[in-house]
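Start from the sequences and build out the full structure, keeping to the hints where you can.
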Amino acid sequence: MIDVRDAMVVYPGAERPALDGVSLTLSPGESVAMLGANGSGKSTLARLCNALLLPSAGTVSVDGMDTRDAEALWDVRSRVGFVQQNPENQIVGTVAEEDVAFGPENLGVPAGELRRRVDDALEAVGLAGMQRREPHLLSDGQKQRLAIAGALAMRPAYLVLDEPTAMLDGTGRAEVAAVLKTLRDEGVGILHITHQLAEAADADRLVVLSEGRIVYEGTPFGLMGEPEYAGRYGVDLPHMAVLTAELRAKGIDVPAPMLDAESVVEALWR
Amino acid sequence: MRVPVAFGQYVPVDSPIHALDAKTKMGLVAAFTAGVFMVDGFPGLAVMALVVVATVAVSRVPWHIAIRGVRALSFILAFTLLAHGLRWNPATVTLVRLGPLAVDGPGLVTGVFFAARIMLLVVGTSLLTLTTTPVQLTDGLERVMRPLEVVRFPAGEVAMMLTIALRFIPTTAAEAEKIVIAQTARGARFDEGGPIRRARAFVPVLVPLFINLFRRAEDLALAMESRCYRGGRGRTRLNASVMRPADWMTLAFATAVMIAVGVAL
Ligand SMILES: Nc1ncnc2c1ncn2[C@@H]1O[C@H](COP(=O)(O)OP(=O)(O)O)[C@@H](O)[C@H]1O
Ligand SMILES: [Mg+2]
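Quick mapping for you: the protein sequence lines, in order, are chains A and B.
FYI, in the working numbering the residues of the first sequence are 1 to 270.
FYI, in the working numbering the residues of the second sequence are 1001 to 1265.
Some hints could be false.
[Stated by the list, open to error] In silico lysine to any residue, SDA-like type, Cα no more than 20 angstroms apart, as pairs: (1) B/K1178 x A/P255; (2) B/K1178 x A/E15; (3) B/K1178 x A/D140.
[Claimed, not checked] In silico negatives: residues of chain A with every beta carbon more than 10 angstroms from chain B: (4) D63; (5) H136; (6) G231.
[To be verified] Covered stretches of chain A (in silico footprint by chain B; criterion: 3 or more residues with CB under 8 angstroms from a CB of chain B, positions within the stretch not fixed): (7) 67–78; (8) 118–126; (9) 143–155; (10) 215–221.
Rather than coming from a laboratory, the hints here were simulated on the basis of the structure.
Beta carbons are placed, not taken as given, at the ideal position from N, Cα and C, and that holds for glycine.
Listed below in structure tokens is the structure:
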């Protein structure tokens, strides 16, 4: 389990803390979505999870290992895969397979096992057969899946993704979402930071950050029933969620909240 | 969009030379260079020339590409010839005389010898980069430099730097092109005026390019740390380049020939 407890982060020279007493857990096989306005501290929290950043106060532990423990650093980082927003900037290798191999190479995994891990990871993200493809010839969605494969090759128990779809088109988003869903089902714990509540709809839990504090923690649908509350924290609700909430506010009885237009139409006809 | 970038000079054809390991080819270049410096007469150079011609033929690198390096050096070659061949007011008998300026027979022969040696070296050594991809070269270089780690030379880190540079050349080229198009759309002209004005026109391209590069470097550092990068130590390689029996045989044979020719001729 990733266990963030009362974490506080103050950047040097900053007036207010970027994170102010945040507690959060993530278990294997669980998916947690995180939303929040720009500057609310999402990336900061993500970086705490794999010891890219250490808390100024409070603790962060991964499967019982404190991230401040220098001895456990590589163990922590291989257990927590990290994927960033920009698909271009996190690819190290000159061809796909060499990029995927980068993590386990650093861990000293021997050659035979390396090959197996690389091929498995590429397969898991739907890039089987693209071993020799040069990264700049991949679509953005493929690049982002390659980045996920690079994390998977370290055989992590958790994946932390910091707005992985923010720079992708619709197709790319769908590809990444599908991969994340499969991984969750296979037992990987997923912390998915996003700007879109629609992407968070499948999550087991939803967390909303605002000014370094957690202001909502619950089911995604719980938040969709509260459009004003969501708006206050810079969360864009899917159109249909806004519609159903407004219908309910006007006294029209629809089962709340719904994401697709079809079920809304059906409910209205009844 | 694929931006064609002419980095390196790799000629992508299949040949027995291309198939050799990069380390083998580095060894061959070293042996060849030693051989060329050891021979001290025209018969020796003739044999070396034969070796070069045969190797180029086997490598299937087109001739005009193989000798490109010579053309780039034509000035130095001409200078070598003249410096050895011309004499000012010589006391001895000379071949041709033009006022005080004279062409000296033995001097000219020496000049031809040195010029030929330079040409052979250039064509022979450039075969390394013509038949080896930059990535293979980098990997080979890492292995060859590894003994230097004893004296704290960071061979693994240097190789990693080169690899990352290679990885980002196409990306940066594509980005530069995008910025050029954007600036052109705003009325910037890159094809007008003298060299200074043209160079100045590129400032608005370079500034955003560099800002992006720094941002990239930051992200990349995070990505590398997240994936447990901690320098070259203890790193294994997916595609560790290995020298096969054919590599060892080629290297041994070529070294023997070079020593024999170098000593005998
Ligand atoms: N390296 C840094 N140095 C100083 N301040 C930072 C740094 N990174 C982020 N911050 C500040 O911390 C706050 C939270 O940032 P961040 O975690 O990036 O938020 P988010 O990812 O939600 O947009 C912001 O006010 C931001 O300006
Ligand atoms: Mg962020």
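Here is what the structure says about each hint:
For the hint linking B/K1178 to A/P255, the alpha-carbon distance of about 49 angstroms lies beyond 20 angstroms, and the restraint is violated. Proposed proximity of B/K1178 and A/E15 is contradicted: the alpha carbons are some 38 angstroms apart, above 20 angstroms. Pair hint B/K1178 plus A/D140 holds up; C-alpha atoms about 16 angstroms apart against a cutoff of 20 angstroms. The non-interface label for A/D63 is consistent with chain B: the shortest C-beta to C-beta separation is roughly 16 angstroms, beyond 10 angstroms.
The beta carbon of A/H136 sits about 4 angstroms from the closest Cβ of chain B, which is not more than 10 angstroms, so the claim that it is off the interface is violated. Chain B leaves A/G231 outside its interface by the beta-carbon criterion, the shortest separation being 31 angstroms against a cut-off of 10 angstroms. By the rule of at least three residues with a Cβ nearer than 8 angstroms to a Cβ of chain B, the coverage given for the segment 67–78 of chain A holds, with 3 such residues. For the segment 118–126 of chain A, the stated coverage by chain B is violated: 1 residues have a C-beta nearer than 8 angstroms to a C-beta of that chain, whereas at least 3 were required.
For the segment 143–155 of chain A, the assignment as covered by chain B holds, since 4 residues bring a beta-carbon within under 8 angstroms of that chain's beta-carbons and 3 suffice. With a cut-off of 8 angstroms between beta carbons, the segment 215–221 of chain A has 0 residues touching chain B; three or more are needed, and the interface restraint is violated.
Going through the hint list in order, the structure does not satisfy hints 1, 2, 5, 8, 10.
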